[in-house]
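This note's numbering puts the first residue of the sequence shown at 13, with every later residue one more than the last.
Warning: the hint list may mix true and false statements.
To be verified - Straight line, CA to CA, 25 Å or less: simulated PhoX-like cross-link-like pairs of lysine-lysine:
(1) Lys-85 to Lys-249
(2) Lys-386 to Lys-374
(3) Lys-385 to Lys-374
(4) Lys-307 to Lys-94
(5) Lys-212 to Lys-224
(6) Lys-184 to Lys-94
(7) Lys-374 to Lys-95
(8) Lys-83 to Lys-185
(9) Lys-87 to Lys-249
(10) Lys-307 to Lys-251
(11) Lys-94 to Lys-185
Claimed, not checked - Between beta-carbon pairs, the in silico distance windows are:
(12) Tyr-214 to Ile-314: 48 to 54 Å
(13) Ile-122 to Leu-213: 42 to 48 Å
(14) Asn-188 to Ala-260: 28 to 34 Å
(15) Leu-266 to Tyr-317: 28 to 34 Å
(16) Val-367 to Tyr-247: 41 to 47 Å
(17) Glu-248 to Val-209: 37 to 43 Å
(18) Asn-342 to Gly-139: 30 to 36 Å
(19) Tyr-375 to Leu-213: 51 to 57 Å
(20) Leu-221 to Val-288: 25 to 31 Å
(21) Ile-202 to Pro-259: 33 to 39 Å
Worth flagging that the hints you see were computed from the coordinates, not collected in a lab.
The C-beta atom is built at its ideal place from N, Cα and C for all residues, glycine as well.
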Amino acid sequence: MPSKTIQFFPGLNALRFFAALSVIVGHVELIKLGMGLDNWFNFFIKLNLGGLGVYFFFVLSGFLITYLLLKEKDKHNTISIKKFYLRRVFRIWPLYYLLVLLGFFVLPHIHVIDLPYYKQHFEANFGYNLLFYLLILPNVAFSIYSAVPHIGQSWSIGVEEQFYIFWPLLIKKAKNVGQLIIIAFVSIIILKATLLVFFKLYPQNQALLYTKNFLVMCRFESMMIGAYGAYLLFYEKQKILHVIYHPAAFYFSLLSFLPINYIVFDSFIQDGIHLVLSVLFLIIILNISTNPTCKIKLTNSILEYLGTISYGLYMYHLMLIPIIVALAKNYLNYTGNGFIENSLVYLLSVLISIVFSAISYKYFESFFLKFKKKFNTS
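Take the sequences, apply the hints, and build the full model.
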């Protein structure tokens with residue numbers, strides 16, 4: 013099938029679910045520590061599963077958004093920026109603002125799930141945090157203050173929304189999309205490298221520290237890697253795609269990203285390894301969703317559905333895991349150790365997040381998605 017006629021990428025919903033699952037699993041031990049319990053499975057922390065899941069989402073966002081923009085531009089000879097923004101608003105904002113409401117005005121009053129370190133900083137900077145979150149700048153708030161308890165993961169939503177502000181405009185105006193992506197990628201890397209040099213020279217400068225924190229979280233370079241994958245696919249760059257589709261490239265990517273991330277954890281190259289991981293994730297995405305010869309097919313209906321509700325899984329889990337841990341602590345004398353107890357906590361964290369997200373998708377998110385469909389351009 014010619015790439016410009018692709019209507020649906022099979023397997024991507026399943027990959028979304030696995031990415032959300034990695035974030036959930038990666039946060040269980042961190043939340044236990046935050047609630048004063050023992051760390052049982054340090055292996056999960058060193059794998060940085062939460063970070064891996066977010067990097068994957070960034071690559072996937074860059075890939076999908078760019079492909080859809082290229083498709084719209086090819087079909088209509090332009091891109092409706094208004095419709096693009098409205099689609100994003102109806103998909104992202106309702107659940108985001110619901111979590112802001114819960115995170116600032118409901119969950120802080122449920123003291124059994126308090127995270128003492130984060131709560132202290134949250135209360136001291138309540139007004140500024142709230143302002144940044146209302147402006148969909150949670151990553152700015154996170155750059156300056158500590159994470160807001162139970163909704164700290166929403167920093168990545170801020171990054172994606174900021175990416176959406178400028179990227180469709182650039183794609184619309186670009187004469188050569190491949191050059192645009194390369195120039196954007198190189199510019200981002202140079203900007204970040206320059207800032208890191210200045211921070212090394214002036215480590216006590218608070219403004220530089222906040223700016224560094226902000227730019228480190230803005231993984232636009234990962235999105236550019238995903239965008240380049242969309243460019244390769246849309247314009248059928250067969251020589252490069254042939255290399256990407258080679259079984260050796262696919263299976264190396266699939267089997268190596270976890271060991272690579274584990275090996276470099278806490279090393280001096282940790283801040284740059286996301287570039288390698290992003291390339292590996294792009295290879296996985298392209299093979300699973302567009303390579304007809306790929307032996308791994310992730311089109312199972314259950315995985316498709318779990319991927320459909322993955323936004324909810326990502327957004328709700330940080331408020332559900334503390335409830336599960338608190339109940340286990342208070343009623344099962346859970347201390348954070350023990351295989352059976354931890355297995356139960358992990359299992360319940362995943363299952364309850366799925367149930368909660370399914371209810372949210374059916375009775376809350378779907379209402380707004382009806383409006384989103386009105387602004388589709390395909």
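Here is what the structure says about each hint:
no., hint, verdict
1, Lys-85 to Lys-249, "holds (18 Å)"
2, Lys-386 to Lys-374, "holds (18 Å)"
3, Lys-385 to Lys-374, "holds (16 Å)"
4, Lys-307 to Lys-94, "violated (40 Å)"
5, Lys-212 to Lys-224, "holds (11 Å)"
6, Lys-184 to Lys-94, "holds (12 Å)"
7, Lys-374 to Lys-95, "holds (24 Å)"
8, Lys-83 to Lys-185, "holds (14 Å)"
9, Lys-87 to Lys-249, "holds (20 Å)"
10, Lys-307 to Lys-251, "holds (21 Å)"
11, Lys-94 to Lys-185, "holds (15 Å)"
12, Tyr-214 to Ile-314: 48 to 54 Å, "holds (52 Å)"
13, Ile-122 to Leu-213: 42 to 48 Å, "holds (45 Å)"
14, Asn-188 to Ala-260: 28 to 34 Å, "holds (31 Å)"
15, Leu-266 to Tyr-317: 28 to 34 Å, "violated (23 Å)"
16, Val-367 to Tyr-247: 41 to 47 Å, "holds (42 Å)"
17, Glu-248 to Val-209: 37 to 43 Å, "holds (40 Å)"
18, Asn-342 to Gly-139: 30 to 36 Å, "holds (32 Å)"
19, Tyr-375 to Leu-213: 51 to 57 Å, "holds (53 Å)"
20, Leu-221 to Val-288: 25 to 31 Å, "holds (26 Å)"
21, Ile-202 to Pro-259: 33 to 39 Å, "holds (35 Å)"
This entry does not satisfy hints 4 and 15, going by the numbered hints stated previously.
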